Amino acid sequence: MRIGIPRALFYYHYYPLWRAFFDALGATCVVSPPTHKGIVAQGAARVTGDNCLPLKVYLGHVLSLVGQVDYLFVPLIRTLESEAENCARLRGLPDLVRSLAPEAPPLLAPEINLQAGERQAAAAVLDLGRRFTLNPLRVKKAVDQALATHQAYQNMLSRGVPIPAALAHFDAHGSGRIGQSVRVESDPRPGVPPASVGSERPPLRVALVGHAYNLYDEYVNHRLIGRLCSLGVEVRTSEAVPPALAHESMAQAGVHRYWTYEHELVGAATYYLSQGEADGLISMVTFGCGPDSVMLESIQKLAARYGVPFLNLVFDEHTGEAGLVTRLEAFVDMLDRRPRRKDIS
Amino acid sequence: MKVSFPHLGTLYVYLPPYITSLGLEAVPPPLTSKRTLDIGARHCPEMTCTPCKIIFGNYVEALERGADTLIMLGGLGACRLGYSIQHQQDKLRELGFRFRAVPFSLMDAQADLVRVNQFLTGKPLLSALGSIRLLIAAMRAVDGIEQLALYTRAREAHRGDTDRVLNEAWQAAARCQTREDIRDFEQTYRARLKAVTLDPTRDIVRVVLVGDPFTILDSFFNMNLEKKLGALGVEVNRWFWLGSSINLFPLKDWLGLGHYSQVRRAASPYLRGDIGGFAYSTVGETILLSRSGYDGLIHLAPFNCTPEVVAENILLDYHDRSPVPILNLNFDEHTSDAGLSTRLEAFVDLLRRRKWQAAQAEQPCG
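Chains F and R, in that order, are what the protein sequence lines are. Note that the first sequence covers residues 1 to 345 in our numbering. Note that the second sequence covers residues 1 to 366 in our numbering.
Among these hints, one or two may not hold up.
As the list claims (entries may be wrong) - Sample of chain F residues at the chain R side, in silico, Cβ under 10 Å: (1) Asp-50; (2) Cys-52; (3) Ser-82; (4) Arg-98; (5) Ala-109; (6) Ile-112; (7) Phe-132; (8) Thr-133; (9) Leu-137; (10) Arg-138; (11) Glu-234; (12) Val-285; (13) Phe-287; (14) Ser-293; (15) Val-294; (16) Ser-298.
Claimed, not checked - Heads up, incomplete: computed chain F residues facing chain R, CB under 10 Å, no partners named: (17) Val-47; (18) Leu-76; (19) Glu-81; (20) Glu-85; (21) Asn-86; (22) Leu-90; (23) Leu-96; (24) Met-295; (25) Lys-301.
Please keep in mind that the hints were generated in silico from the structure rather than gathered at the bench. Please read all numbers here as calculations on a predicted model, not as lab measurements. Even for Gly, the Cβ is constructed at its ideal location relative to N, Cα and C.
Working from the sequences, and respecting the hints, build out all of it.
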């Protein structure tokens with residue numbers, strides 16, 4: 001049985017977990033190709049114009065899987081913690097797909113609502129597993145394997161392995177090598193620029209906060225991270241902060257919880273700024289994102305409080321590359337003229 | 001304590017009697033104007049929705065008038081207004097205002113009413129029962145008069161008669177102090193509205209507004225949509241009335257017999273449960289109301305309102321199956337008056353023509 005997984009939104013957070021789960025149940029995962037112009041255009045053609053870019057991208061990926069898979073996996077992740085919720089688009093994701101892409105294969109859409117208790121989530125997962133096997137113990141085993149894989153993935157990210165390399169690792173090896181030490185073949189830290197010869201100053205460090213599905217979709221963000229690296233900047237991304245540390249920083253910053261992922265982004269920014277690990281702060285949002293539109297306010301305040309220069313980049317499907325390059329260069333030039341944070345202290 | 005609140009339709013009409021009866025002073029903000037929006041646009045995040053900006057402007061203008069306590073619209077519900085409350089408070093303090101604030105959410109109006117009442121009086125609800133009953137009586141009376149006005153405005157022989165009566169009514173309502181006053185007020189102005197000369201020859205079409213309550217209720221934001229429609233001979237109704245949003249005895253809903261249960265049944269094939277904001281109600285109500293004998297539906301939403309955009313997109317598919325036409329209107333701070341009028345006129349023409357065609361089909365030999 002082939003399960004289609006759109007390479008968008010939650011994919012960047014949970015693909016290893018899903019893959020391990022479906023592998024253990026004997027299903028094959030088919031991931032849609034990396035985002036390209038056709039995917040965005042197809043997705044955007046289905047919705048009204050004021051939708052956010054990530055949703056258009058998601059729909060495009062859904063459409064690119066039509067005819068190639070038996071089922072489409074579109075989980076409904078309502079809440080993941082007691083005090084914060086997910087955005088309305090994420091909470092309506094399967095319904096949006098069903099209504100906007102009626103030709104899509106049947107959906108597998110377990111509802112995860114941790115505010116309703118873990119039992120509800122367990123029931124949803126069992127229900128999902130029933131499509132593959134009648135043996136609940138086999139589902140239980142698959143869940144255990146999936147959770148172990150997810151933990152391994154999280155550990156990799158906390159060690160500084162960038163998301164694309166980590167995802168590629170799990171894609172290549174599946175979940176078969178859990179427990180063994182995980183080695184990543186590619187350069188583990190592409191966020192680090194080549195050592196600048198002859199310069200005495202340490203490289204500039206920039207904290208880049210944004211949703212993983214924006215930061216690592218190179219079509220959407222025009223290779224933002226690569227561009228920063230080639231400008232000689234060391235990039236620290238938001239998901240490299242372990243969630244526990246980010247939450248701790250959040251509690252210190254005193255910002256109230258409302259949306260899960262926004263909470264994590266503000267937490268990551270707080271972490272980098274309070275640890276003095278960033279000479280500059282860049283946020284990357286997409287036009288029309290409701291939660292981010294208000295979150296920016298928190299990030300802006302943080303940057304002002306710590307006296308760190310702040311650049312906000314808003315992306316939509318029309319973003320011109322030249323404009324982005326100019327802004328990045330200007331920002332990095334400006335950072336370069338300022339004294340380094342380490343120099344001050 | 002000088003209590004203020006943002007504008008939301010006729011909130012400014014019936015909240016002051018309630019606040020006064022608690023022994024506090026009510027300081028409503030001046031009616032929303034261009035200045036209000038400019039203040040909001042200057043201080044709120046650029047990409048936030050226009051209602052957030054308007055409401056922030058209301059707070060500033062209320063505090064300028066000397067208010068020291070704010071009932072803030074928002075609260076939980078996965079809508080950015082709830083997320084904004086903290087920022088709005090911080091910003092207002094940054095601007096140098098000193099005040100106390102209590103959030104009020106329309107999502108859970110009765111529970112929040114209890115909380116707001118507790119905050120204002122420091123006593124449990126029962127001790128302020130008289131004030132609450134006054135508030136509910138005022139809401140019902142004001143809503144009833146507005147509903148009647150929507151009927152007469154579409155039919156009035158002399159343009160503006162209805163609105164003249166309404167203006168007087170809202171001023172009179174603010175002077176009400178007891179439930180007897182409210183009863184007198186209601187009787188007087190119902191009679192006044194019924195006395196408006198109607199033109200029996202007008203070809204009336206009936207339209208119901210669905211979508212975001214703020215956009216439906218705020219006549220500054222929706223550019224006097226109801227008046228514009230009334231002038232075109234459209235009798236307007238709304239899915240959302242402030243008076244019925246407060247249901248102190250939701251027994252029927254618990255038993256699954258209330259209106260909300262119907263909405264849930266209608267929405268469930270399209271949406272698996274509440275997703276935040278009023279999206280769930282929008283989907284359910286759109287489906288219910290499209291089958292309730294209206295000639296057309298208008299879905300109102302602020303530009304970029306996440307829950308309403310989801311509802312709108314989920315309903316795109318339903319538009320083809322709906323028995324009556326549905327018009328989507330998204331408002332932002334730049335919406336142009338002429339553009340809105342053109343779209344409304346075109347929509348009303350379409351509805352009239354459909355109605356005429358249906359009538360022709362019934363009498364083929366006429």
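Each hint tested on the structure:
1. Asp-50: holds (5 Å)
2. Cys-52: Because about 8 Å separates Cys-52 of chain F from the closest Cβ in chain R, which is inside the 10 Å limit, the hint holds.
3. Ser-82: With a closest approach of 12 Å, the Ser-82 of chain F hint is violated.
4. Arg-98: holds (8 Å)
5. Ala-109: With a closest approach of 8 Å, the Ala-109 of chain F hint holds.
6. Ile-112: violated (12 Å)
7. Phe-132: This interface hint is violated because 22 Å lies over the 10 Å limit.
8. Thr-133: Because about 25 Å separates Thr-133 of chain F from the closest Cβ in chain R, which is outside the 10 Å limit, the hint is violated.
9. Leu-137: violated (29 Å)
10. Arg-138: Not OK, violated: Arg-138 of chain F not within 10 Å of chain R, min 27 Å.
11. Glu-234: Violated, because the Cβ-Cβ distance from Glu-234 of chain F to chain R comes to roughly 29 Å (cut-off 10 Å).
12. Val-285: Since chain R brings a Cβ to about 8 Å from Val-285 of chain F, closer than 10 Å, the hint holds.
13. Phe-287: holds (7 Å)
14. Ser-293: Since the shortest Cβ distance to chain R is 4 Å, the answer is holds.
15. Val-294: Status holds, d = 5 Å.
16. Ser-298: Cβ of Ser-298 of chain F sits 7 Å from chain R, so the hint holds.
17. Val-47: holds (5 Å)
18. Leu-76: holds (7 Å)
19. Glu-81: Cβ of Glu-81 of chain F sits 14 Å from chain R, so the hint is violated.
20. Glu-85: holds (5 Å)
21. Asn-86: holds (8 Å)
22. Leu-90: Hint on Leu-90 of chain F: holds, closest Cβ of chain R at ~9 Å, below 10 Å.
23. Leu-96: Since chain R brings a Cβ to about 6 Å from Leu-96 of chain F, closer than 10 Å, the hint holds.
24. Met-295: holds (8 Å)
25. Lys-301: Where the cut-off is 10 Å and the nearest Cβ of chain R is about 8 Å from Lys-301 of chain F, the hint holds.
Figure legend: structure checked against the earlier numbered hints; hints not met, in rising order: 3, 6, 7, 8, 9, 10, 11, 19.
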